[in-house]
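Trainee: Go ahead and model the full structure; you've got the sequences and the hints to work with.
Chains as they are written, first to last, in numbering that gives the first Met the number 0: chain A, 0 to 323; chain B, 0 to 280.
Please note: incorrect hints may appear among the correct ones.
Stated by the list, open to error - The following label-pair restraints were derived from C-beta to C-beta distances:
no., chain 1, residue 1, chain 2, residue 2, range
1, A, P56, B, A50, 41 to 49 Å
2, B, L191, A, T61, 46 to 54 Å
3, B, A264, A, T160, 41 to 49 Å
4, A, H123, B, F220, 53 to 61 Å
5, A, R104, B, E241, 47 to 55 Å
6, A, G134, B, V213, 57 to 65 Å
7, A, D68, B, A264, 26 to 34 Å
8, A, G134, B, L156, 51 to 59 Å
9, B, R271, A, G253, 23 to 31 Å
10, A, G253, B, R181, 39 to 47 Å
11, A, R104, B, L156, 48 to 56 Å
As the list claims (entries may be wrong) - Below, a sample of chain A positions facing chain B; criterion: calculated Cβ distance under 7 Å:
no., residue
12, V77
13, I82
14, A87
15, G88
16, T94
17, R104
18, L106
19, P109
20, Q196
21, E237
22, T239
None of these hints come from the bench; they were simulated from the model.
Backbone N, C-alpha and C fix where the C-beta goes; we use that ideal spot for every residue, glycine too.
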Amino acid sequence: MTSEPIIHVRGARRRYGTFEAVRGVDLDVHRGELVALLGTNGAGKTSFVELVEGLAPADGGTVRVLGHDPYRERRQVVGSLGIMLQSAGFSGDLTVAETARTWARTLSRPRRVGDVLGAVGLAHRADVRVASLSGGEKRRLDLALATMGDPELLFLDEPTTGLDPESRRATWGLVRGMLEAGTTVLLTTHYLEEAEQLADRIAIMRAGRVARSGSVADIVGAEPARVEAVVRNAGGREVTPAVADLPALAGVVGAPEVDRTGRLRLRTTRLQDDLFTLLQWADARRLRLDDLDARSASLEQAFLALDDAPDAHDTTTRPEEAAA
Amino acid sequence: MSTLSTTAAPAGRRRPAPAAGRGAGRRVSALARAELRLLVRNRTALFNALALPPMMVGLFASLGGLGEQAGALQGAVLVNLLTFMALAFVVYYNLTVALVARREELVLKRYLVGESSRAEILAGTAVPAVAVALAQTALGIAAVSVFLEPPAFVNPLLVVVAIVGGSVMLTVLAAATSGLSRTVESAQLTTLPLLIVAIPFAGLFGAPGASEGVLGTIGTFTPLRPVTDLMLLGTAGLDGGEVVTFAETFGAAAVPVAVLAAWTALGVLASRRWMRWEPRR
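Mentor: Right, here's the structure in full:
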């Protein structure tokens, strides 16, 4: 028996007047997973996440969270959710501790306020009015409130925007701890590094649809690696090899190119084999490959490649999912 | 499907849906405590809540608007005036401002993502204002009892209906008005129509003046009039200038109670239509 996904969305749509912000999104998130939702501004991420959070009704399709319609049956699910919005405010005249205690009292199963403030590094600021907090501290207080109810399912909408690198890593540590404890997380972020660090799976949204989804390895694996070098002879003089002089490379994508500065660039799906061939070729000709830079594709590269694609069609609706 | 998801849940993490009854009280009281703290820390709001109603009573008294009723009646008129000002300025005006402020600082939006329902959030925000109005009334009764004569309290039930019903009505009207106010400052304007229309027609002084002719008929149906009518009936048995008995107060209360209920229902509809939970984008 397979477990039902904790989030199950099929063909979700959301309209604002005549503009359709969410145009048929499918998404399954299983218990204990962290799924990161990426996309440029205006891709429809927040509009979509609000449907899953139960803050707005879908104009079409099915949205199920913990087996319920999160909008119409909100009472049944809300006690199991923790939601950190991109923009939610505080009353500046309350202290950090007062804000946290007020929130805790509205929850059915609150964790201890002191523990939660400690976990986000705000224990020493407990008696400070919220108006005096820095932007990063407010963001951490946001996170404290979202995790206060020990949620089964945690929504994080750009949780580390405005945080310094140290606080960002601390937040990642906190999220990892919650994942280890079995929490399921749907993360929206602009930081690709954040998605690479935390996500089991990634869904990239574009113009209201999921344009690509899978593990980081899946998505990045589909992108070719890059090799770059400046070719010099034994005397240190730059030589510009003609493309025809280059060895045959097994995985090369497109034609290798040599730019005006003499820099050789190529893209390959078989980095190890082709790099080896290239090094042998240089060795046999007593050439040096200066500034040699060979690297696997990054998530950023995959993300940008998607944006270059003229029409990123929906690759996620696999037949077995559509039939479910 | 539901059995599937239940068996799939790791033991101990699945939890029951929040119970509606006791949970609602706990959530409202949590929000109310925070709101009370904010009231105490906001000097303008605190002044409006504590000082404004007694000052208005003093103003009207010094202008000689209280007529020449006997001591007990005069006491009832004063208590009613204080309750009225507390409801108008603390519950209606202050609450409208508070709701606009919470909305603009994105606090209402935050509360909405939590376990509290919209009604609970509204109630939690309103409780301190209503509590202040009740306290003002209690102090007014005490002051009148000491300095004049205690009101007769011909029908205390009607006093309760006036204060509780008036509070509920003004809370939903404040919610609706907050939706029409873009900023805290503009709430000073958007609250004026109700206050300006209601105060002359409210029959505040127990004198028959406002209850005669066409204007009197119109006045009967203005939102704050039933509060005054019920207060004066309840505290002094005063029905349009005549003093009636306990039994007669029920008959006389029918129209005001109906008007109060109608404005409350209208307020609920208006707040559903107009109240906003986050700033306009």
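Trainee: None of the hints should be skipped; say for each whether it holds.
Mentor: Each hint, compared with the structure:
no., hint, verdict
1, P56(A) x A50(B): 41 to 49 Å, "holds, 46 Å"
2, L191(B) x T61(A): 46 to 54 Å, "holds, 48 Å"
3, A264(B) x T160(A): 41 to 49 Å, "holds, 44 Å"
4, H123(A) x F220(B): 53 to 61 Å, "holds, 59 Å"
5, R104(A) x E241(B): 47 to 55 Å, "holds, 50 Å"
6, G134(A) x V213(B): 57 to 65 Å, "holds, 60 Å"
7, D68(A) x A264(B): 26 to 34 Å, "holds, 29 Å"
8, G134(A) x L156(B): 51 to 59 Å, "holds, 54 Å"
9, R271(B) x G253(A): 23 to 31 Å, "violated, 60 Å"
10, G253(A) x R181(B): 39 to 47 Å, "violated, 56 Å"
11, R104(A) x L156(B): 48 to 56 Å, "violated, 33 Å"
12, V77, "holds, 5 Å"
13, I82, "holds, 4 Å"
14, A87, "holds, 4 Å"
15, G88, "holds, 3 Å"
16, T94, "violated, 9 Å"
17, R104, "holds, 3 Å"
18, L106, "holds, 6 Å"
19, P109, "violated, 10 Å"
20, Q196, "violated, 25 Å"
21, E237, "violated, 55 Å"
22, T239, "violated, 55 Å"
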